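*Asks:* Protein sequence lines, in the order shown, are assigned to chains A and B.
When the letters of the first sequence are read in order and numbered with my numbering, they come out as residues 63 to 474.
When the letters of the second sequence are read in order and numbered with my numbering, they come out as residues 604 to 686.
Hints are not guaranteed to be accurate.
Here are the simulated lysine-lysine pairs, PhoX-like style, with alpha carbons at most 20 angstroms apart [said to hold, decoys possible]:
#, chain 1, residue 1, chain 2, residue 2
1, B, K682, B, K606
2, A, K94, A, K445
3, A, K188, B, K606
4, B, K655, A, K188
Rather than coming from a laboratory, the hints here were simulated on the basis of the structure.
All values reported here derive from a predicted model rather than from experimental measurement.
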Amino acid sequence: MVDSRIVITGLGLTSPIGDSLPEMRTNLLEGKPRVDRIPMRYMGDVPAGVCRYDPLKYQKKKEVRIGTRAGSIAIFCANEAINDSNLDWENVQKDRVGVYVGTTEHGNVETENEIHNISQFDYDTKFWSHHHNPRTVANNPAGEITINLGITGPHYSIGAACAAGNAGLIQGLQMLRLGEVDVALAGGVSESIHTFGIFAGFKSQGALATHDDPNKASRPFDLDRNGIVVSEGGCLYVLERLEDAQARGANIIAEVVGYSINSDATDYVLPNPERQVECMRKALAKAKMAPGDIQIVNTHATSTPQGDIQECTAIREIFGDCPDTFVNNTKSYIGHAMGAAGALELAGNLPSFEDGMVHPTINVDRLDPQCELSNLVLNQPRKLGNIDAILNNSFGMLGINSSLVVKRFTGG
Amino acid sequence: MTKDDIKKIVLEIIEEIAPDEDLADVKPDVRLRDQLDLDSMDFLDIVMELRKQHSIEVPEEEYQELASLDSCANYLLPKFNQA
């Protein structure tokens, strides 16, 4: 069991460019981003990635009111993932299902709302909602899934800054290998566009994107990039041990063959390419693969002046001599979906195993020479033919790096 | 302010906090919890909305007075007329 191969047998997502994988994939190949301009408390309008899924598809109105946006996104993605997996859900042993949801942060939205609420009552705390604590506990998004779906196995959130989506997947994989659960719902969610604090914090840091056209605000690798577009979104996967998936005749979407999480141990916000290199190398080693075996590197690059250069430096060091490895970025379409980013961006690339295409990174009008990589797929999709392996990066504050290696499932 | 006015106010609050419920046939003499999907957190919401919207305080030991629409009207009438 410890050596079990772990496969993806279903996924559910909501993103600014679609609430299903086919819709998202179409927009990625057609080069269609969608970033809105939304009013932000105290700040005026800001660019942000907004999801348009229907919360009432899987929740009652009262559940939407009591719960959080992160919980609602998580519930939507979990239900979609289970449907996609064709699990016989009625007969799945619910205490053998684990829920592992990555979040960059949780509770900012709800606490800001309550402070705003009591500000209308001269800051009298007797007007503070009794819903505040269940809304802000760190396990909220994962816990809301269990209530919605009657899951009685373990649930918790994985706090891992913007590496959280990958970290959620890794946690699910590990729990399957430990035999703690038989089905893992794993990935990440973001409700971050509903907290002004995230936007104001990035602005104070000089890392919040601005652009007259919101659809051009997120522009990794472009010389004129000026920061992050914050987005909401979510993506959860159904993970199973290969033997279980095969026993029930599941459709296997892909296999997670390698992963790594490490720490920079250097700075609160500045990335460290040396540790990023180590992280990618460890993930490749775990997958027993060489850099040249990877066809797509999906970058974390968030469109900040410094971060993009550093990731390119790290990628160049590993993949510089790999003529068959191509590099892209998904944030140029959807902004930075924070805790969902790793899981969501991986999802957008999984159809490559079927269609043989690499979706481009868009909005690159003038490539920053410091971000130049020989196989950066810019503005137009690239037809490769056979695509067998993807390396997906997600990095976060406090120096947390994560890399996932996912392969086309080849049987056996 | 009449008892009917108060029942209308309470129903409007319930409509906000339990938007999935059909309130057309709520029986005034039957416990709200016996005919609607309401839990203790929902009753805290009713207390909070009375406080926010009408500056009415309901002490914890008197929460049971909100059990039915009739008991709400009886209990809240003097409070509303005092406010």
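*Asks:* I'd like to know which numbered hints this structure contradicts. Please list them from smallest to largest.
*Replies:* 3
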